[in-house]
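Note that the UniProt record's numbering gives residue 50 to position 50 of the sequence shown, counting from 1, and the numbers run on in steps of one.
It cannot be assumed that every hint is accurate.
To be verified - Label-pair ranges, simulated between beta-carbon atoms: (1) Lys99 <-> Glu28: 23 to 29 Å; (2) Arg143 <-> Lys46: 21 to 27 Å; (3) Arg143 <-> Gln86: 33 to 39 Å; (4) Thr94 <-> Leu73: 44 to 50 Å; (5) Asn97 <-> Leu72: 48 to 54 Å; (6) Leu101 <-> Arg53: 30 to 36 Å; (7) Pro93 <-> Ile122: 37 to 43 Å; (8) Tyr91 <-> Leu112: 19 to 25 Å; (9) Asn97 <-> Arg38: 43 to 49 Å.
Worth flagging that the hints you see were computed from the coordinates, not collected in a lab.
All figures in this text were calculated on a predicted structure; none of them were measured in a lab.
Glycine included, C-beta positions come from ideal geometry on N, C-alpha and C.
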Amino acid sequence: MKLISAGETAANTNMSVEAGEDLVRIGEMAKKYGVTLRTLRFYEDKGLLNPQRDGSTRLYTRRDKARLKLILLGRKVGFSLRDVKQMMDLYDPTGSNTKQLRLALDKSEKQLARLQKQRALIDDAINELSGSMSAVRQMLTERSAPQASAAS
Numbered sequence: 001m002k003l004i005s006a007g008e009t010a011a012n013t014n015m016s017v018e019a020g021e022d023l024v025r026i027g028e029m030a031k032k033y034g035v036t037l038r039t040l041r042f043y044e045d046k047g048l049l050n051p052q053r054d055g056s057t058r059l060y061t062r063r064d065k066a067r068l069k070l071i072l073l074g075r076k077v078g079f080s081l082r083d084v085k086q087m088m089d090l091y092d093p094t095g096s097n098t099k100q101l102r103l104a105l106d107k108s109e110k111q112l113a114r115l116q117k118q119r120a121l122i123d124d125a126i127n128e129l130s131g132s133m134s135a136v137r138q139m140l141t142e143r144s145a146p147q148a149s150a151a152s
């Protein structure tokens with residue numbers, strides 16, 4: 001969907017309409033990616049997204065959509081917004097991006113180690129809880145068995 005204001009001229013390249021770029025309003029963007037309007041505004045305030053403006057209307061480009069996908073992926077795997085921004089800001093569309101890729105790999109390796117440690121702690125907690133539940137079940141079985149035989 002291309003959004004073009006009534007007063008926009010063909011010479012206005014800020015809207016990227018000449019390049020055939022699809023622009024999406026904030027509500028559509030929020031709905032498509034399952035986030036709130038407040039979240040999108042927050043990401044904009046933090047410099048993670050930079051929607052175009054048509055008056056007070058935020059218009060998101062393909063670049064913004066790609067950045068939002070990366071933000072959401074980063075958050076899903078536990079990166080801080082600072083880490084996500086740091087990695088995204090190193091992107092250079094004309095370069096090899098080796099610095100960005102190295103940083104992303106380094107941060108990913110560290111995050112994977114943190115997640116694996118968390119998994120081990122969660123596995124231990126699950127085992128402890130399962131053991132406790134088994135003990136409680138056994139106590140209930142032992143305590144209800146004499147009552148059942150006494151009632152007969």
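Tested hints:
A beta carbon spacing of about 34 Å between Lys99 and Glu28 contradicts the range 23 to 29 Å that was offered as a hint. A beta carbon spacing of about 57 Å between Arg143 and Lys46 contradicts the range 21 to 27 Å that was offered as a hint. The supplied range of 33 to 39 Å is broken by Arg143 and Gln86, whose beta-carbon atoms lie about 58 Å from each other. In this structure the supplied range 44 to 50 Å is violated for Thr94 paired with Leu73, their Cβ-Cβ distance being about 24 Å.
Checking the proposed 48 to 54 Å range against Asn97 and Leu72 shows it is violated: the Cβ atoms sit about 20 Å from each other. For the pair Leu101 and Arg53, the beta carbons lie near 32 Å from each other, so the given range of 30 to 36 Å is met. Taking the beta carbon of each, Pro93 and Ile122 are about 40 Å apart, inside 37 to 43 Å as hinted. Look at Tyr91 against Leu112: about 22 Å separates their beta carbons, and that is inside 19 to 25 Å.
For Asn97 and Arg38, the Cβ-Cβ distance of about 31 Å falls outside the hinted range of 43 to 49 Å, so the restraint is violated.
Going through the hint list in order, the structure does not satisfy hints 1, 2, 3, 4, 5, 9.
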